[in-house]
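In order, the protein sequence lines correspond to chains A and B. Oh and the first sequence: position 113 is 568 in my numbering, straight run, nothing missing. Oh and the second sequence: position 597 is 602 in my numbering, straight run, nothing missing.
If you're looking for bench data, these hints aren't it; they were derived computationally from the structure. Note that the structure is a prediction, hence the values are computed from the model and not measured. Any given hint could be a false lead.
[Stated by the list, open to error] 35 Å max Cα-Cα, derived DSBU-like pairs, lysine-lysine: (1) B/LYS23 x B/LYS179; (2) B/LYS563 x A/LYS615; (3) A/LYS527 x B/LYS30; (4) A/LYS527 x B/LYS615; (5) B/LYS615 x B/LYS601; (6) B/LYS441 x B/LYS612; (7) A/LYS458 x A/LYS527; (8) B/LYS30 x B/LYS107; (9) A/LYS563 x B/LYS588; (10) B/LYS350 x B/LYS219; (11) B/LYS441 x B/LYS148; (12) A/LYS551 x B/LYS513; (13) B/LYS563 x A/LYS551; (14) B/LYS539 x B/LYS454; (15) A/LYS563 x B/LYS612; (16) B/LYS148 x A/LYS562.
[Said to hold, decoys possible] Just so you have them, the derived chain B footprint on chain A, three or more residues with Cβ under 8 Å: (17) 575–582; (18) 586–598.
Just so it is clear, CB atoms sit at the ideal spot from N, CA and C, and this is done for glycine as well.
Residue strings, one per chain:
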Amino acid sequence: MRKDFDFGVVDEILSHHPANELSTIAVLQDIQEHYHYLPEEIFPRVAKALGVGEARLYGVATFYENFSLEPKGRYVIRCCDGTACHVRGSLPILSKLREQLGLSEEKKTTDDLLFTVETVSCLGACGLAPVLTVNGTVHAAMTPEKALDVLRALKEDIAKEENSHA
Amino acid sequence: MHKLSSRAELTAFRAVCKNAFQCEKTKILVCGGTGCVAGGSLDIYARLQELLSAHNIPVEVELADEPHGDVVGMKKSGCHGFCEMGPLVRIEPQGWLYTKVKVEDCEEIVERTVIGGENIERLAYKQNDCVYPRQEDIPFYKKQTRMVLQSCGHINSTSIRDYLALDGYTALEKCLFELSPEEIVQEVSLSNLRGRGGGGFLTGRKWASCAAQKETPKYIVCNGDEGDPGAFMDRSIMEGDPHRLLEGMIIAGLAIGSDQGYIYVRAEYPLAVERLRIAIRQAEELGILGDSILGTGRGFHIHINRGAGAFVCGEGSALTASIEGKRGMPRVKPPRTVEHGLFNKPTNLNNVETYANVPMIINRGASWYKSIGPENSPGTKAFALTGTILNTGLIEVPMGTTLREVIFDIGGGMRGGTRFKAVQIGGPSGGCLTEKDLDIPLDFDSLAKVGAMIGSGGLVVMDEKTCMVEVARFFMNFTQNESCGKCVPCREGTKRMLGILERITEGKGEDGDIESLEELADTISNTALCGLGKTAPSPVISTIQNFRGEYEAHIYHKRCPACQCTKLKVFSIDADMCKGCSKCARNCPVGAISGKIKSPFVIDQSKCIKCGACISNCAFGAVREEA
Numbered sequence: 456m457r458k459d460f461d462f463g464v465v466d467e468i469l470s471h472h473p474a475n476e477l478s479t480i481a482v483l484q485d486i487q488e489h490y491h492y493l494p495e496e497i498f499p500r501v502a503k504a505l506g507v508g509e510a511r512l513y514g515v516a517t518f519y520e521n522f523s524l525e526p527k528g529r530y531v532i533r534c535c536d537g538t539a540c541h542v543r544g545s546l547p548i549l550s551k552l553r554e555q556l557g558l559s560e561e562k563k564t565t566d567d568l569l570f571t572v573e574t575v576s577c578l579g580a581c582g583l584a585p586v587l588t589v590n591g592t593v594h595a596a597m598t599p600e601k602a603l604d605v606l607r608a609l610k611e612d613i614a615k616e617e618n619s620h621a
Numbered sequence: 006m007h008k009l010s011s012r013a014e015l016t017a018f019r020a021v022c023k024n025a026f027q028c029e030k031t032k033i034l035v036c037g038g039t040g041c042v043a044g045g046s047l048d049i050y051a052r053l054q055e056l057l058s059a060h061n062i063p064v065e066v067e068l069a070d071e072p073h074g075d076v077v078g079m080k081k082s083g084c085h086g087f088c089e090m091g092p093l094v095r096i097e098p099q100g101w102l103y104t105k106v107k108v109e110d111c112e113e114i115v116e117r118t119v120i121g122g123e124n125i126e127r128l129a130y131k132q133n134d135c136v137y138p139r140q141e142d143i144p145f146y147k148k149q150t151r152m153v154l155q156s157c158g159h160i161n162s163t164s165i166r167d168y169l170a171l172d173g174y175t176a177l178e179k180c181l182f183e184l185s186p187e188e189i190v191q192e193v194s195l196s197n198l199r200g201r202g203g204g205g206f207l208t209g210r211k212w213a214s215c216a217a218q219k220e221t222p223k224y225i226v227c228n229g230d231e232g233d234p235g236a237f238m239d240r241s242i243m244e245g246d247p248h249r250l251l252e253g254m255i256i257a258g259l260a261i262g263s264d265q266g267y268i269y270v271r272a273e274y275p276l277a278v279e280r281l282r283i284a285i286r287q288a289e290e291l292g293i294l295g296d297s298i299l300g301t302g303r304g305f306h307i308h309i310n311r312g313a314g315a316f317v318c319g320e321g322s323a324l325t326a327s328i329e330g331k332r333g334m335p336r337v338k339p340p341r342t343v344e345h346g347l348f349n350k351p352t353n354l355n356n357v358e359t360y361a362n363v364p365m366i367i368n369r370g371a372s373w374y375k376s377i378g379p380e381n382s383p384g385t386k387a388f389a390l391t392g393t394i395l396n397t398g399l400i401e402v403p404m405g406t407t408l409r410e411v412i413f414d415i416g417g418g419m420r421g422g423t424r425f426k427a428v429q430i431g432g433p434s435g436g437c438l439t440e441k442d443l444d445i446p447l448d449f450d451s452l453a454k455v456g457a458m459i460g461s462g463g464l465v466v467m468d469e470k471t472c473m474v475e476v477a478r479f480f481m482n483f484t485q486n487e488s489c490g491k492c493v494p495c496r497e498g499t500k501r502m503l504g505i506l507e508r509i510t511e512g513k514g515e516d517g518d519i520e521s522l523e524e525l526a527d528t529i530s531n532t533a534l535c536g537l538g539k540t541a542p543s544p545v546i547s548t549i550q551n552f553r554g555e556y557e558a559h560i561y562h563k564r565c566p567a568c569q570c571t572k573l574k575v576f577s578i579d580a581d582m583c584k585g586c587s588k589c590a591r592n593c594p595v596g597a598i599s600g601k602i603k604s605p606f607v608i609d610q611s612k613c614i615k616c617g618a619c620i621s622n623c624a625f626g627a628v629r630e631e632a
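For reference, chain A alone in the conformation it holds in the complex (with noise of 0.2 Å):
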């Protein structure tokens, strides 16, 4: 655990909801948009600050399949294997990413922090199957290579920004 880790964005979250129980999950959500996982040292705060036993807390965040405790990647590909795109071939599409970014369904983030593949059990965009997002954006009708032209697409965004920051 960090001892330099920086409060001020928890603490601001925090004093935006109630100080019960009930806003557990806000809280969790919020403070995971921020640093898409939730870091280990927030649990004493929060739980604190929430009236909630730690135990419980993290009860709560490893019960729920949208936090993480592990950090993301950068860009965090959800490839949707709702029936629907299941039915439409969801299966090739996500094992194409894997095969690519050298992940599987246990390592899901590449170790450079870059991309994490997740699978999602419905987005509810199944006229458009199959489907995966990129941050949240839908990419529709996809095939396993048009998942890699998205991917090739993201890479030159990094490698776009590595170099203006060159």
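Position chain B relative to chain A; hints supplied.
For chain B alone, coordinates are given in the frame of chain A:
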């Protein structure tokens, strides 16, 4: 805008909205549903606005208090349901629908349609060489009866004025000023409205028993945790016509004697959350929500809770636990939610579509409502029609419509001329129906007779290329993942069932597997704690019943009749087509392919791991896969 503090003020304000709505001679409705937004509809909306102002055409986004002559109404509407053809743009008053619109088409739309008043044929929908300029003539829409979704796609989904212009909040008005709480409950009871969330419980009975509870406060909760994969009816209502849901909830509050409402929305629906927040704010500003609705002294407040990705939270007691900030796990019932629900207080829990039905029942009466569809299961039902079908999208039909009408008339039959095999109804809790069931009317009772259920209304159509064992494995994988782990039958039982199904699809099935599946299914459905667990085996049981032969082919002959299970495929190289380039051999991860350059290569079946790398690497299409 100041708060409306009496019935007369609301009526007057509604008249202003109606007048402004009618003054918009031309309306351009750009679909702002999740599907069309993904296709770029927001860029189209912006571009159209830009072009209209460049042509000096007065545009109105929000209905004005005092409209000046002819204006073009630009509206970001809710989902039209025909997501497949999106982005969609509807033109009124002609009722034209433009499909697959691109930003580049906007100029032509403004010049030819808005200014010239003519239809652009190339953007109209076509099916079997027939052009359908008008939305209502398209076969996909023609056979539908859109009541709950009536305004979805026809009004600006972020405007309370648009909702009021189409007689919004008149039912609330009636409930506030003309009906007693008992009369509201009675009207809903008489209508025979049944809960649209899955079980089909009588809504009126639930309301009555919640109203009868002595303990206070009471809560009104709306289940918008539409977790069934392949279902998006509730999403469309929340995104496209959020005020209809709010109106239904406020009426429930008046009927039951509650002043606090909670809407629990899936985290995967950010747009729905945004639209609901806007709608709640607008209603509060107008005094339709708040401490004293329209100055009556009766109050109602609505809160939004975002889910965090747990399918089980669609179950009543898990949902209320989640709102309380706990792990969303179901508890043993009774006591039921109406007695001990949210914060252990009496709670009325209905789903989005159920509440959205309420305003029209109040407005038009229970006997009118009962005249639609079968008497014991009246009204309409929205279905999400997806899968390997020609027209996918959101549809609404009267209860009692047959599957054949839905799949072949509205859905346009199978995509790419393949053969219909089965339709999965009711998601992971439902079953599959086959050709012989096509004439079964879609209503709660008829479906229960054949072991299926409407569930929340997902209809996933599958063609002959779909492997039913794999479908069963898919659903079991889903429920296994989503099992909360509280009770043993669901936690362990689904794991065992999934294990067996995985073995079967990998060609390692054994004699007795089908019987084990049946036995496990029986135990789980009889002993699991909640609905999720109890119904988890349904897809397996119904596929065994209808497609036992497919299971047997996998287990005893190690072949997949639909040629979908990769591990059961046999890869071979067609000697006549192989040029002997060696690319497949170089890309084979296990060195199973060998041969001499410029002569046909061969795959060693004992080494092959069926990864398919040879197929994707062969430039000549010489690698074959067979079941």
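How the hints compare with the structure:
1. B/LYS23 x B/LYS179: 19 Å, holds
2. B/LYS563 x A/LYS615: The given pair, whose Cα atoms are some 51 Å apart, is violated under the 35 Å limit.
3. A/LYS527 x B/LYS30: 50 Å, violated
4. A/LYS527 x B/LYS615: It holds: about 32 Å lies between the C-alpha atoms, which stays within 35 Å.
5. B/LYS615 x B/LYS601: Holds, at roughly 22 Å.
6. B/LYS441 x B/LYS612: Not OK: B/LYS441 and B/LYS612 at ~43 Å, beyond 35 Å, violated.
7. A/LYS458 x A/LYS527: Given that 35 Å is the threshold and the Cα spacing comes to 22 Å, the pair holds.
8. B/LYS30 x B/LYS107: 24 Å, holds
9. A/LYS563 x B/LYS588: 30 Å, holds
10. B/LYS350 x B/LYS219: Distance ~10 Å between B/LYS350 and B/LYS219 Cα, so the pair holds.
11. B/LYS441 x B/LYS148: Given pair B/LYS441, B/LYS148 holds - Cα atoms ~22 Å apart, limit 35 Å.
12. A/LYS551 x B/LYS513: 26 Å, holds
13. B/LYS563 x A/LYS551: 27 Å, holds
14. B/LYS539 x B/LYS454: 17 Å, holds
15. A/LYS563 x B/LYS612: Given that 35 Å is the threshold and the Cα spacing comes to 29 Å, the pair holds.
16. B/LYS148 x A/LYS562: 48 Å, violated
17. 575–582: n = 8 at 8 Å, threshold three: holds.
18. 586–598: Since three or more residues must qualify, the claim that chain B covers the region 586–598 of chain A holds, with 6 doing so at under 8 Å.
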